[in-house]
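With the hints as your guide, set chain B onto chain A.
There are 2 protein chains.
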Amino acid sequence: MDDRIELWNELAAQIAVDSIRATTAAGSGHPSSSMSCAHLLAVLFADHLRTDVQDPKNPANDRFVMSKGHAGPALYAGLKAIGAIGDEQLLSLRKMGSPVQGHPVPLPEMPWIDVATGSLGQGLAIGLGMALAMRIDNAPARAWVLLGDSEAAEGSVWEAMEAASFHGAANVTAILDLNRLGQRGPTMHQWNGDVFRVRAEAFGWTATQIDGHDVRQIDRAYRDAAESDRPTLVIARTEKGHGVSFISDAPGWHGKPIPADREQEAIEELGGPRDLRITPPRPPDFKPTQNRELSPTPAPSYESAVATRKAFGESLAWLAGHRPDLIVLDGEVGNSTYTEDVLAVAPERFIEMYIAEQCMIGVQVGMQALGKTVFAATFGAFMTRAFDQIRMGVVSRANLRLSGSHAGVSIGEDGPSQMAVEDLAMFRALHGSTVLYPADGASTVKLVAAMCELEGVSYLRTTREATAPLYGADDDFPVGGSKTLARGEDDAVTLIGAGVTLHQCLAAREALAADGVSARVIDCYTVKPIDAATLRSALDDTNVIVVVEDHRVEGGLGDAVLDALAGTGPLRGTVVKLGVAALPGSGTAEELRAWAGIDAASIAARAKEAIGRP
Amino acid sequence: MDDRIELWNELAAQIAVDSIRATTAAGSGHPSSSMSCAHLLAVLFADHLRTDVQDPKNPANDRFVMSKGHAGPALYAGLKAIGAIGDEQLLSLRKMGSPVQGHPVPLPEMPWIDVATGSLGQGLAIGLGMALAMRIDNAPARAWVLLGDSEAAEGSVWEAMEAASFHGAANVTAILDLNRLGQRGPTMHQWNGDVFRVRAEAFGWTATQIDGHDVRQIDRAYRDAAESDRPTLVIARTEKGHGVSFISDAPGWHGKPIPADREQEAIEELGGPRDLRITPPRPPDFKPTQNRELSPTPAPSYESAVATRKAFGESLAWLAGHRPDLIVLDGEVGNSTYTEDVLAVAPERFIEMYIAEQCMIGVQVGMQALGKTVFAATFGAFMTRAFDQIRMGVVSRANLRLSGSHAGVSIGEDGPSQMAVEDLAMFRALHGSTVLYPADGASTVKLVAAMCELEGVSYLRTTREATAPLYGADDDFPVGGSKTLARGEDDAVTLIGAGVTLHQCLAAREALAADGVSARVIDCYTVKPIDAATLRSALDDTNVIVVVEDHRVEGGLGDAVLDALAGTGPLRGTVVKLGVAALPGSGTAEELRAWAGIDAASIAARAKEAIGRP
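Which chain is which? The protein sequence lines are A and B, in order. For the record, in the first sequence the residue sitting at position 250 is 250 according to this note's numbering, with numbers rising by one throughout. For the record, in the second sequence the residue sitting at position 339 is 1339 according to this note's numbering, with numbers rising by one throughout.
So here's chain A without its partners, still in its complex pose (with noise of 0.2 Å):
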């Protein structure tokens, strides 16, 4: 026991001083946040963070999630102590190339990372997802997480503590790096650890104080968590910059490296370099499995109006009954998002989040780092609520299949707070996206299939009320693809629509026909990666374009049809868009269309106006 002490002692004052060389090398960082938190890492990494060094994905590892990201420099410190990176690497922190970035960031060559962090509170949330994945493979693996002390604040935090203990993740367990100081100055609570252990307590959890720089206390509490029957919560009272005088608890000192004029004084202190290696408890010999056998149906067909929210949970049911990988996540909407047509398929693979989607995508974003086909779906509107993680969640590199409801005011009477009319533009924001708009029940159905193929973020955008079929359970909705519905030798105008406004474009040609006006009709179902060359053609071939969407007239589908016109060379001719440009209140569907200018009588009047035809 005693050279285990020493050995933690020694490595934990390794990480310390690795983080005030590879932070002074950067000339910026967080080393005090680093050293804050270096015995709790030393004692994980070398004795109860059971994971195989060669092989950081197999599927008996634990896995660490770093909450607090900016502590990063531990966590790298950490990674060459179990000899995943070099000194060189390490040094070569925030360096532009770098896998060693300022915030972690999984990326190939950095496969011991699984999720980027840095954005505060998501990783509990994270560490839980992984944790039930391991769960639903019967494996016998755990999640770690290192969470600050700030970042208790974000209602995310306490959204996964309570999502832990319902669904009963014991084999999560928290560390609370208690350091006392945020970044303007002390933290709420500083290092009364009582609020925690109460709260913790309150929601459901074992928890447990001690001294986060007494490596005994530590392991001992790393040991009863793991034996703990519920997750575990192991409040560390800590110092940040740990172990250097002139910075140790000492305000001013957040975010900032030492410099390099005393850069070698505070790793004196701290009794000089190490080159510790050390090798991690290994995983047992193990392989997934499954607790129930496939159950495969035949996929759904719609020979009538079907909202295409139904058509997607029928979809995911069917999906789930030939994926043993497929897993659902519902924000308490599934009756409404029909993700709940799952449960008579694979129960143990439909998991209800509740009304928490901050926790619910971070859930998602913590299964699929371990393998898992994952969908969440709630209301598009609240779908918001999670912009931050869904955002962190491309940083991540995470495959995040989404889908939102009640899009746009065609919801009707339920009113503004419900309606999805920024959610196009948020999701077509993220890099490497992909954004889908189906009409009706047949696309619905190939477009969720395609999903679960996507990689990076995808969103799936929904209909509340049901539509008329357009398709055939025959035809192929290639993502990045359109659909050409009517054109004419003739056409003079180009009406492009997804989703509920096809049928009104549809509906617009029809009365425009009456007019003696040919107009061609394009289904964007494919957002983005819009069709360009599709859109560039119809501008050439009828100079005038007419785009409408039940959506802000910011940043969706108007703008991405502009956006890829002008990707395609230079512009000319006339492009009109239609999309909700005020405020929307209760009404019918028909009456809410109306009044925002997106209804088939409005598409008509306006691209007669727009070609000279009045």
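No lab work stands behind these hints, which were simulated from the structure alone. Ideal placement from N, C-alpha and C gives every residue a C-beta, glycine not left out. All the given hints hold, so there is nothing to weed out.
Taking beta-carbon pairs under 8 Å as the criterion, some of the chain A residues facing chain B (in silico): (1) G182; (2) A202; (3) R391; (4) G415; (5) L430; (6) R552.
For chain B alone, coordinates are given in the frame of chain A:
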């Protein structure tokens, strides 16, 4: 007392009956969720909510927030009982054009409603903001918030719980309508009120458990709450659909009106319709007072380079010295956004909200509802955390003055988790929003001052690094305008930038001039509403526009320029959009701008390519 008990019970029955009548007439809505809180509202409106119905904005009034917005019918029934609206208006629920919308919305004709609700978990922070504003004015008033039990899963509720106790807001009372059933089925904790009592106490609140249909217990709990030296949570065990046997505590009745053919039966079970009118308790006579004299200082001015985030904070400190209504909320980064400069001028009007952005925006919504001019600031990236709150702020017709610092890849080494690259898309998509992006100190000062007078959501994007002065203290920056910084007779191309990219455009202009190419340069300091006429002239004059932004290529300045051009007539010419089109990592600001292709060299090269001058 017996008289009051009879009155309260009769009033509760009336609220239940009116909730049924309104939703059955509408053919949609949430009667069962309204009926569970009928007694809670009856006692509150009759004897506790001190309010002058004729003067709903009286600063001595208590305020009520219906956080579970789907129970709007109960609120409308209460407003009818106090004489604010008539029966005909009540029965216009959910009809097109009616102010009695599906979820509560504040409108000029509905001044008894202060804020919109309907996206769950947002009301408590709003109530806290009201309570804190009351305290700043030394008002003897209270905020009352009715919470649903499903929404208690939202972390935003626990952020507000923590902030309320931390800030000692004893004048907040939250009433938890513990009706056991959510939308899909039972809630996590059903009728286990102990869970909420223990959690509330752990979060520093007084908590009490009552039978939510026993008016005597309700009255006692409200009386105790008014005397507590802490915020109080009244945990009221209730039944969804209480009083009507066939829907009471029954699954499958969420969000469903009672069918017309059973309406009479339901109403008769409740004792038939009533037409009680009550007068709520009068608020005391009161005029707001301030605890501190103003200490006006001159406006900041800049002769040399300054970070616009610093100019922002210094402008706030200047304005706080002149305006007693100005309040600043910080997300624990006030030393980065420089909002903490306000501390020196008006310490009681700088409020540290810690790292809880959702609560920060909720508090802002509540404060502005009481007439305050409130700024909130954090890193632009972390504004995404509060997108749902900001979106709902639009529905609340709230005046939210926001600033996001650390915009774009130009923050450098900290990496993508800290980079705002989707913020312009988010804010631009909001109805009625104003999006500002100054490039130097002088323009920042003017724009921050202008924000004090704007309606709706306004957003100021600021830069981490210092930028050179471009303007003088006498220059004006009208919202919706732009500045043409360079213009010649033979301009071959127009370069459009804002913020940090404007400086790159100016440098690119120099490079182009050296190659004999004359470039116009426009500062789009207002991204929305954008100066469409100037942009149209530029396209007409130069035929080629290169628009450059340190933001994703979707949804930001580039799309705004295209939108403006499309909206001002037929398109003719070339628009090249430069922005962040891949996923950044760490690096220096210069390296990252070059990597993204938004630095001066890239701009000059793309401009030459676009005009065919290799």
